[in-house]
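With chain V held as given, fit chain Y onto it using these hints.
Chains as they are written, first to last, in our numbering: chain V, 1 to 163; chain Y, 164 to 560.
Interface residues of chain Y toward chain V, partial, derived using beta-carbon atoms under 7 Å:
#1 Leu220
#2 Gly221
#3 Trp409
#4 Lys520
Just so you know, these hints were derived from the structure itself, not from any lab. Treat the numbers as computed from the prediction; the structure is a model and nothing was measured. For glycine and all other residues, C-beta sits at the position ideal for the given N, C-alpha and C.
As a plain string of letters, each chain reads:
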Amino acid sequence: MIKQIGEEIDKVFGPGVAMLADVGLQDTLIVAPSRLRELCLWLRDHPKYYFDFLANITAVDYFPEGRFAVVYNLTSIPFQLQLTLRVELAQDRSLEQLPEVPSVSMVWRTADWHEREAFDLMGIYFTDHPDLRRILMPDDWEGFPLRKDYEDPESYHGIPVKN
Amino acid sequence: MYTKYNQGYQQYLEKIQQIGSTEMIINMGPQHPSTHGVLRLELITEGELVKDVIPHLGYLHRCFDKHAESMNYGKSIPFTDRLDYLASMNNSHAFVMGVERMLGIDDKLPKRVEYIRVLVCELNRIASHLIAIGTYGIDIGAFTPFMWCFRDREHIMNMLEWASGSRMLYNYIWVGGLFYDLPVGFEQRCKEFITYFKPKLVELDELLSSNQIFISRTAKIGVLPADVAINYGCSGPMLRASGIKWDLRRVDGYSVYPELDFEIPVGQGLMGEVGDSWDRYKVRVDEIYESVKIIEQCLARLMTDFARLPDFDPRAMVPKKATMKAQNYYVRAENPKGELGFYIETKDKSDIPLRLKARGPSFNNLSVLPELGRGVLIADLIAILGSIDIVLGEVDR
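Here chain V stands alone, though its shape is the one from the complex:
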């Protein structure tokens, strides 16, 4: 299944947009961030695959390397297929310039809250997101707690954070 999808993507989008990753357990495509949204739309509406259900979005931090990844787990409900998309982002971990990925919340509305969570906890900026603000942490929290080099602040509004 995955080889067929890879070949069709090469035909439609040209080579280099999606590469097969041979990581064993589940079918994974490594996608270039620039064409992500078109590719997601194509995968969602393709009559043979119909990946209409976005199960999960995960942001991964590869500290100490300056590298992040965003992982999309797709499911096709009519054809009972699963596919993993992976976007690799190279970035120098500065807080002034966050790594950027196009938002897919107009393709699947699930992505709205999942992307907000990834932004909140990992500091990935999703361009063209309709409502990108923190979701689990307070709105005025500083830093991105799920990054491996994150350090807790001493206090928050006068409340000691560390016991």
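Positioned in the frame of chain V, the structure of chain Y alone reads:
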């Protein structure tokens, strides 16, 4: 200060400040009993009508993802219990399946272990659905079902306490096996419970399902079309009530579910339209009937083919140290609330994950609330929120 990265928050503040002169902002929660926990809803209302719903989460955020990155897989199991604390067995079952798949021991487990897992998971599913139905009744104003549900749930809690030593947060299912075998006489007591419970369930069903007041409050309220449900990532009873036959126990066929006989109830719109609040309630009731069927089959197999042996050790396959190579895996399982997923990415030669993300079904099911809540009455919003059946432990993780 207006920067690129706080744009969303500034836009939200502007939206709140620019409401019309006839509109009013009402805060519902985080201490409101009908928000089922510490959920805060900001409603923009005009008279009795809700014009917009803005959910605010995070009051119960316990940093599950961050904790899991600093301890090995076995130690994470008690934390997974606390995600959906009404269905702890199902949570640990899903997590444990993922770790076992990555270790490559998922198909080598003894059948007795698998059947015990399914048995306790289905018992816990009944307990979770009983809470959903009981608290939904109390949201609508029916008090009796709440008492009846809690009375029957207490029997399940006592049984699971007997098996695991804890009433709600069990840590019973371990990677590669179980904490202990079932106590002697558990199967018999479980059988007696099922005999007791079956007529009670019919009684409960009759009390609420055809109650005219209940129907008027729930039928044709919060109709969720199937395409919207899929697009918002709704799963479990939410998705099935919209008419989609999608149950991971059948789709993935994990554990011993392929050997068991059960139906997948879907919403039929008997009282109104397909996908309304009444359908979501009814799917849960029907699922209890199916869980009872599964439990009966599990008990029959556990008392005959896979009966207790004196030398049976449920911890025989538990790895001393769950080291694995660098890989990633997304495991999913059917929880009472929907699809619970864990995305696990491992480091090379380490028993501590590099990244572990829990995909709570309630988190996704709740995200459809602004869509359902626009243009309804405030009282109906309570009915819709209750029918979604969220658990805040899982929304905030």
